[in-house]
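A.B. asks: Listed here are the chains, written in short residue letters.
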Amino acid sequence: MREPRGVRWTRRAVLGFLIVFTGLPLYAMATSALKPLGDVQRDWRWFPSKITFRPFADIWTTIPLGRYFLNSLIVSGAATVLSVTIAIFAAYAISRYRFPGRRLFSVSVLSTQMFPGILFLLPLFLIFVNIGNSTGVALYGTRLGLVLTYLTFSLPFAIWMLAGYFDSIPKELDEASLVDGNGPIGTLLRIVVPAAMPGIVAVAIYSFMTAWGEVLFASVMTDSGTRTLAVGLQEYSTEVQVYWNQVMAASLIVSVPIVAGFLLLQRYLVAGLTAGAVK
Amino acid sequence: MTTLVDQPPAAPAAGARPPRRRVRARRRRIALPYLLLLPALALELLVHIVPMLVGIAMSFRKLTQFYIRNWSAAPNAGLGNYRVVLDLDSAVGRELLHSFGVTVAFTVVSVGAAWLLGTAAAVLMQPVFRGRGLLRAFFLVPYALPMYAAVITWAFMLQRDTGLVNGLLGLDGPDAPFWLIGGNSFWSLVVVSVWRTWPFAFLIVMAGLQNIPQDLYEAAALDGAGWWRRFRSVTQPLLRPVNQVLLLVLFLWTFNDFNTPYVLFGESAPREASLISVHIYQSSFVTWNFGLGSAMSVLLLLFLLLVTAGYLAVASRRRRVDA
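If you read the sequences in order, they're chains P and Z.
Here the first sequence stands for residues 3 to 281, numbered as in the numbering used here.
Here the second sequence stands for residues 46 to 368, numbered as in the numbering used here.
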């Protein structure tokens with residue numbers, strides 16, 4: 003099909019604009035991380051006056067980046083593992099069984115995604131503080147509280163996406179396994195989970211991204227010992243005197259693994275993300 | 046929950062009682078899906094459902110800093126919190142209304158721009174050309190980037206004296222504009238928000254386009270329809286269901302956005318860019334009056350529910366008319 007010339011020129015103009023718009027911050031991040039401090043304390047420079055890797059080393063002592071990193075890694079990792087595990091069981095129930103309350107569960111869990119986080123924040127803060135006071139289980143200020151909170155953020159979407167994935171695995175496989183004497187749980191673990199691996203990996207990436215980038219709850223629910231990267235970097239970047247080259251180096255460090263993982267598994271993630279909207 | 050699990054199995058066929066083993070197996074089969082859902086359900090209750098109910102209860106109490114550690118002892122306030130929050134003669138009410146107005150303006154502009162850019166990019170990238178896959182991956186980077194890393198980078202770019210934006214515009218010296226305080230901060234917020242959300246719109250519209258059968262375009266082309274006509278009569282109507290969901294999701298995300306302004310401006314957002322989530326957060330944790338904060342949150346929830354219900358009603362009526 004031939005296109006009119008106008009469309010071709012519009013394409014060049016629009017895509018060109020979007021490339022610049024998308025690329026500018028990425029360019030700023032990547033080049034500024036290689037600049038000596040003097041370069042980021044004067045008028046903007048497009049190129050480093052000399053390339054240095056010092057910011058990548060210095061940021062670890064300017065702020066306790068190592069501790070933030072460890073906290074983020076523990077919290078996001080634990081939230082991901084738990085969220086994916088819980089979602090696998092729930093999604094199996096939704097995909098393979100018809101039972102009263104099935105629809106209600108799916109709809110209400112998904113709709114919690116739409117509510118403003120600020121609505122849960124104040125009560126959750128109070129509940130965590132009060133649980134700590136009455137039972138001694140410290141949820142406020144600890145990683146555990148954050149793990150529990152984060153895993154529910156990704157849980158609805160994880161259940162939904164995995165249920166869709168399980169639906170696409172033929173039921174005959176389950177039946178054969180049941181005939182072989184496996185129980186339902188054995189069938190889930192031995193047959194369905196291996197067959198759904200790409201979907202499970204995509205869900206895990208999504209859960210990890212959600213926890214890794216969260217700011218609102220982390221800013222309230224953590225103390226100086228359990229600060230995550232998101233809050234730690236945010237706090238530092240709003241101080242009066244900021245070493246921007248080091249902050250850009252830190253941003254690069256925290257972004258590259260996530261972006262790489264996303265782009266590598268793009269195909270699975272995109273399929274899951276878009277399935278709901280398109281269906 | 047337990048009542049459902051313990052429910053006796055349906056009456057067995059008339060005559061002989063079924064062997065006990067089979068009863069137990071049947072009971073297990075009924076209980077199994079609920080057991081599988083139990084962990085998910087328990088956590089959703091703990092983190093979403095119960096806090097929401099507690100939040101609603103809190104909004105009817107005089108919950109100040111003295112009662113944080115024992116909130117059930119807080120005195121009843123009736124509708125007092127709502128009266129304060131909605132009183133336009135009081136500073137609290139006026140600031141809330143101001144923040145609401147800012148949020149509405151921010152949402153309309155950001156969602157409109159993000160949707161437009163996403164749709165334009167998706168439609169223009171429909172035909173295959175060299176480097177298309179690469180470009181698509183590149184456009185998804187803002188979506189994959191940890192949100193705070195992206196917004197911190199923008200904060201750096203928007204610095205008055207050292208930032209890229211003033212460098213790009215060739216503005217320096219004493220007349221250079223500030224981007225993170227004053228009236229400009231609203232537009233900074235819009236640009237950063239659009240930068241973060243348009244790739245999502247792009248992603249969804251792209252998936253919607255892939256679901257349009259190619260022969261529709263070929264048939265339209267055979268009928269002599271030009272590019273624009275094909276866009277109007279094939280692409281647009283077939284994308285409508287996708288767009289309906291997309292716009293609703295974008296609206297809810299943008300309206301509730303806390304992270305972007307919080308990371309961009311820090312604890313104290315400029316008045317011109319004070320979105321409602323940040324406003325509630327600030328007024329709750331500055332004064333430690335959680336009763337007022339909860340009343341504002343409940344009003345926000347009611348507003349969102351109303352808009353969503355109205356939107357869905359209009360959307361489904363339209364769909365029925367079209368059908």
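A couple of the hints might just be wrong.
Sample of chain P residues with no beta-carbon within 12 Å of chain Z, all distances over it, derived [as the list claims (entries may be wrong)]:
| hint | residue |
| --- | --- |
| 1 | Glu5 |
| 2 | Thr54 |
| 3 | Pro66 |
| 4 | Arg98 |
| 5 | Gly138 |
| 6 | Leu175 |
| 7 | Asp182 |
| 8 | Gly183 |
| 9 | Arg192 |
| 10 | Ala197 |
| 11 | Met199 |
| 12 | Pro200 |
| 13 | Leu218 |
Coverage of chain Z stretches by chain P, computed from C-beta distances (three or more under 8 Å per stretch; other residues unrestricted) [as the list claims (entries may be wrong)]:
| hint | segment |
| --- | --- |
| 14 | 126-136 |
| 15 | 333-339 |
In silico negatives: residues of chain Z with every beta carbon more than 12 Å from chain P [claimed, not checked]:
| hint | residue |
| --- | --- |
| 16 | Val154 |
| 17 | Thr198 |
| 18 | Gly208 |
| 19 | Phe247 |
Honestly, the hints are just simulated from the structure, not real lab data.
Source: prediction; values computed, not measured.
Positions of the beta carbon are idealized from the N, C-alpha and C atoms, including for glycine.
A.B. asks: Of the hints stated earlier, which fail here?
C.D. replies: 1, 4, 13, 14, 17, 18 and 19
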